[in-house]
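Student: Below, each chain spelled out in residue letters.
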Amino acid sequence: MTALEPGSTWVVWLIVSPLAAALIAFLLPRVAAAIALANALFMGVAALALLDLVTEQGPHRYSLGGWGAPLGIDLYADPLSGVLLVVAAVVVLATLFYSRDYLARTAIGPLFWPISLFLHAALNALLLSADAFNLYVTLELLSLSAVALVALADEQRAVAAALRYLLASIVASLAYLLGVALLYHTAGVLDLAALAERATWTPATWAALGLMTAGLAVKGALFPVHFWLPGAHSYAPSPVSALLSALVVKAPFYVLLRLWYAPFAGAPEAVGTLLGLLGALAIVWGSLQALRQARLKLLIAYSTVAQIGYLFLFFPLAQSRSALQGVTVFILGHALAKAAMFLAAGNMHKCLGHDRIQDLHRVARELPVTLAAFAVGGVCIMGLPPSGNFIGKWLLIEAAFAQGEWGWAVVVVAGGLLSAAYVFRVLGHAFTVDDKPVDASGAPASMAWAAFALALLALTLGVFAAPLIDLIGGPGETAVAHLSSREP
Amino acid sequence: MNAAAWLLLLVPLWPGLLALIFHRRIPGRLVTMTAAVPAVAVCLYPPAAAEVVYPWLLLGTRLGASDADAMFLLFTALVWLIAAGFAHSWIKGAGRERFFVFFLFAMAGNLGALIAQDMPAFYACFALMSFSAYGLIVHKTSEKTRHAGRVYIVLVLIGEAALALAMILAAGTLGTTEFAAVRDGLGTSSSRDLIIGLAVLGFGIKAGAPILHVWLPLAHPVAPAPASAVLSGTMIVTGLVGWLRFLPVGELALPGWGSAFVIVGLAAAFYGAFVGLDQRDPKVVLAYSSVSQMGIMTVGVGTILLEATLVTPVSLAIAFFALHHGLAKSALFLGAGLARSAISTDRRRTLLIGLALPSLALAGAPLTSGMLAKSALVASDAALPDRWATLLQVALPLASIATALLMARFLLLVYQGASAAGPRVGKAPWVLWGLSLLLVVVLPWWVGPAGLAPMTAPDVLAGLWPLGAALGLAVVAVWVWRQAGRPSIPALPEGDVLLPLEWLFINTGRFFGRSSAGAAAFRKRLLNGAAGERRRAWALVQRSGHAEAWLTRWQVALVLALLLGVAIGLAAMG
Amino acid sequence: MLYSLAGIALFCIALRAVILATAPLRAILAVNVMSSGVFLVLVALARRTPGLVADPVPHAMVITGIVVAVSATAMAIVLTQRLRANVSAPTVEDTPGAGP
Amino acid sequence: MTWQAALPLLVLASSLLPGLVIFALPERSRTLRTALNLSGAVVKLFLVVWMLWQSGQGVHYELRAALLPGLDLVLRSSELGLFFVVLSALLWLVTTIYAVGYLEDSPNRSRFFGFFSLCVTATAGAALAGNLITFLAFYEMLTLATYPLVVHRGTAAARRAGRMYLAYTIGGGGVLTLGTLWLYSITGTLEFVPGGIVAPFVDRNATALSAAFVVLVAGIGVKAALVPLHSWLPTAMVAPAPVSALLHAVAVVKVGAFGLMRLVFSTYGVEAASGLGLAQGLAVVAAVTIVYGSLRALAQTNLKRLLAYSTVSQLSYIALGIALGGAVAATGGIVHLVHQGLMKITLFFAAGNLAETLGVHEIRDMRGAGRRMPWSMAAFTLCAFGMIGTPPMAGFISKWYLGIGAVDSDAAWVVWLLAGSSILNAAYFLPIVWAIWFEPPPEQWPHDKRSGRAETSLMLLVPTLFTAAMALAVGLFAATPYSPLEWARLIAARQYAP
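Protein chains in written order, with the working numbering: chain A, 1 to 488; chain B, 489 to 1062; chain C, 1063 to 1162; chain D, 1163 to 1660.
Extracted from the complex, chain A is given alone in its bound form:
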């Protein structure tokens, strides 16, 4: 385990490189953008290389400095984390590329670059963490950098939203940490793999499950504790919104997913059902709220609330192998599509000086690529083929049918219809005729195309999904096998 296997340095690079880049960007603001972009490119390469590695050789474990558990820090990579690392790199790359022009005439540039790099580092570290406590630390670092980014917006509301986000996040982290303490109390280990072996189903574990789930639900903005999300995501600068909605909110879910396969594998069905119900409610409630928003970015933020609901449908369906595959593809699809939508919204905001949906006239004419990005992203959110979201939903529904619980299938489809309602509410306004001129010069082509590229990736994800799904089959299979062996 401790030996440095060939090629495993990618794991380290994935964390060290953005940290180093952040430091340089902080010290040398003039080259910050270039450094950040270079790093993002490198991250993409590294993530792909790692993905290739774990695909070839199976899950990969690496002990930092050779200390090893329990005191040392172990890193762990399997196809699931590999895929998420890749998509994180892609989204960050596009977003940073977009930001170059977005931030051109603002004062927030010098801070934006190092913090976003730091955020990337935290995210990568989280995806590679192998134990429950490191997950806590990385989660917290991720939240802190996210809050800092939100607060960059030079607006009172954004600061207020950031503060709220921060406080909620700290409380949630503490609940999670208490849960970790309880887990450690029962099992005496923190490593996830070891926890999976040793966890016993005692009251302390129940409490840990309650505490950790509640904490992660708050951080992951699961209905009904999504209270911080709409403000934070909508008042943040648009590239930040994109990063937050696409990547950051997925992290708590990822943690919960990992825990679900390790210490909480024996959780009774009721827990899964409860989480699934909340997910279903999130889908409906989030979509309805999105439908009634007057501002575009808020609409997209509430759409995130709804889409997060889909992730939690995983829990009642976890028995089926396709549920994990589905939820993974869904995360990818949503990350790409939602980033595209936020970036497009940022573009419109920049050109029109507002993002009131009612007054989006002529966007279709003056910002065609931007609107196309938004529309294609929206189509993916609706879950139409061949988007990744479609594949994700398909697999989820398949799991539902396989388990004979078609109610979840209906929720999935109904959620798609509701999302169509709010997406087309925007598009409908964009197609109206109006003679007010729009100054499209505020949005250079690079921005529009960055959004469009993401949207296109999201749309065509379904076509590339098949090999991805097979990848996820690997660890998912073992995990599911593991899970079922524990069934009473």
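I should point out that these hints are in silico values taken from the structure, not numbers from a laboratory. Note that this is a predicted model, so its numbers are computed, not measured.
If you want the footprint, here are the derived chain A segments under chain C, 3+ residues with CB under 8 Å:
(1) 148 to 157
(2) 170 to 178
(3) 183 to 193
All residues carry an ideal CB built from backbone N, CA and C; glycine is no exception.
Based on these hints, arrange chains B, C and D on the given structure of chain A.
Tutor: Positioned in the frame of chain A, the structure of chains B, C and D alone reads:
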């Protein structure tokens, strides 16, 4: 394809092509008259192969004109030919081009139907003829015309639907589209009577069978003279041809249907004459006469249905009767049209003498085509069961009397109605009318059915007595009328039973209109309701903002988080 | 065990305070008390193993946790201050529904 | 992979690529756009015909791309699919020419033609789809590509229509997805196979299969405009005439009808569908739609609305033909796909000519239009009679086969239905025809745009006359080899082969 095949194809194609080519500007009279030439040619030089199959046309078309069909085709073509020339100078003013387009299309349909030996082709031509004829009827725009057109088109539609049903049912149950095969197999079809009933209805409308005849007396007076000539002379005969094609004539005896045909035919013969007598417009009288004459031909069809072995002679007799009637009736209509133009007294005399010829023919006067036709029809009656033979021997002469009276009435009305006030016409119509008279006199003797016994003196006498009887009756009637102080007799409305029928139709329409208005109102309420629901739902969504605001309050949210943790913990207990 | 329970009690009391807090500063303070409760639990757990040597893992966790908590607190205070620069009495509420 | 093997993909690309390029074109580059449009359409037609010819030679095209474990995206050349794709390629070419003429001076043409091309791509994809999930993908793509065309005018009415269109079609798509998955969970495959895939499961899963069928029909029925899922179609008539042509004849409703065929023929199989009583149910729904559509058409005063309701009614002939469960009736249904398309596209073209040239939209304004625009109105009249079912127009052939097929399948009630429907068709078409030819024209047309010697622009007139002539020709020469009828007969025979 050989020459014969092309020639047959040209019969309907040529008029159609002319219509298409000259839809903007009508060509010269002779070119117009060539429209019917291919049809005449087919009759004069019968193609070597009686029938030609065109597998690529429609659903596989079979054309041909043998025996009786050739006779139908011949007079139809001639009547159209004369009417075309007549119309060329008769139709003037706005809509002239339109009239000729419809005229030529109707001609194409009519001629095509006569040579079509399979159902789709026949139906296509029949429909083309029926719909195009509408354009002939409503040529003059007036409220009366529109009414006549409406009645006509409604009946046409009902007829077309009935025919389509009959043909589809026949083709479906028998698996063929050819008339010959349908006639063969119809007896075995599971829905034989339904099919026959539908065919009777569908063709009956065209043939002016009683109750279905109501369009005739409306359409004829309003249509221009040449249009009336072809409508009454040839188009209504297509219905008869349809029966002969479709019904299992000669294949099996259908006593029920046969009796019905005979009875209905006789009824039409007398009813038409009776109602016609009490009309004021000569063209209406002629229309009723057509109803009456078609009744006699219907009797002929009934005879074949009663006694299948009679098929060959009787269908020839019917064809000959149709020929005689077509030529005579078209001459009468053209003449009646001329009577309305500005004419001098000399011309009026010529006209009346000329009109007397076909009138006599229709009444079956000796040495006329009518005499020939009637005796041909009666010749086979002996082969019928006794009571039918007896009935016909009594009834047909009586029908001749009625016809004679009707013709007398017609001549009287023409005489009274002619004036010098009408529009001027040139020479050509008179020439063509003369030609049609010539045909009435000559043609029947030329093509008369073979084997017809040469006319003997007793025959001539036998032909005379109905005329005499009619004359006597007329004299008696006039005497009685004078004795009674010349009371004015209320005229029967044109289209007689149409009035109650229309009343029924309109009220049914009103009823459905009311119910559809009710349905529309209901639908509207439903839609409004749905719109209301949508508004309410939308308001609810908007109001959910309050709930959302509550949910996102710091304290509420944290309490919810707490509850969530507790709930998960409790659920974890299992 | 006693310490653990005390830690948990501290956590709960502070949670109540966080929930009821309207002023950011109060919430920040309460959160810090909360974290102290968690750390107390962790430290107490270090005694879990029999023998004199305490388990080093919880200690490591506590130290890391304190670092994280301090930085979070610092950030919270900065944000509060930025808010205070414009608003006389900032709260933890915001109203996302009303847009500019 | 040789280019030969990639032919199905090329067929899609021949409209997709021009469409994408057109999006990027500036509004003023009219010539280039038109050239791209037309060359795309011509190339597509050529490719499709080439593929048809090659298939006749026994070449089988199949392209697969893995989508999900055990589930591929498949493009395949099948008889039914080729039948449909040839139709849509041909009509696309015609409609493109028409649209170029129609949108002469209107704004946003690049956007319009871009989506126009996407629409046809989706249609071709749906036609060539080799399994239900591929079909579903293109079905959804079609929905999305059509929406911008429906709201093209950007007016409030257009947006309302667009909303309604989406509400129905997206909902239908969702339901279809659900049904597809349900079916998949039962059968484990979604391939389109002659004879269907459900036969082995009929005994064990009869109820679930029936329920899934209902769900699937509800999903496809939206585009096929089955009552009560039809309301979007009359509302969508606010779109420009070429879009209506596209909706009613080339793409949208056709994909719905085609989907029903795929469902009955290739997924459930005729035997299973009849055995479970599903086809009969579909027949009843189709019958109700036929009557209801005609009745509603009677009440309309706007020409395009009337035509839309007529489509609702006519389209269900296709469903009826499929559902009757006999080869002859199926022939009628399949061939009506082409026949209805030709006739309805002509009617909409003619209506568009009226609207574009004279500003006439309402039926009451059509009086005397025959004098002003004889050719367009002749085309209209011809196809109106075709809709009624008068020979030798295309509509007669369809009805004839449907009727005979119904008798064949012991469903004589259908013959009565056909007759009644014809009478209703006549009741709403003949008054219009009468007004066109027999009423005097008004002093002043609402918005007369007289140009040149022809009654209207040749770009508008020629497509109208071409489709009208086609509608006549396919009826008149129905029995000729390679006619749509013969082709439909072949396809139907395959479906019913023992």
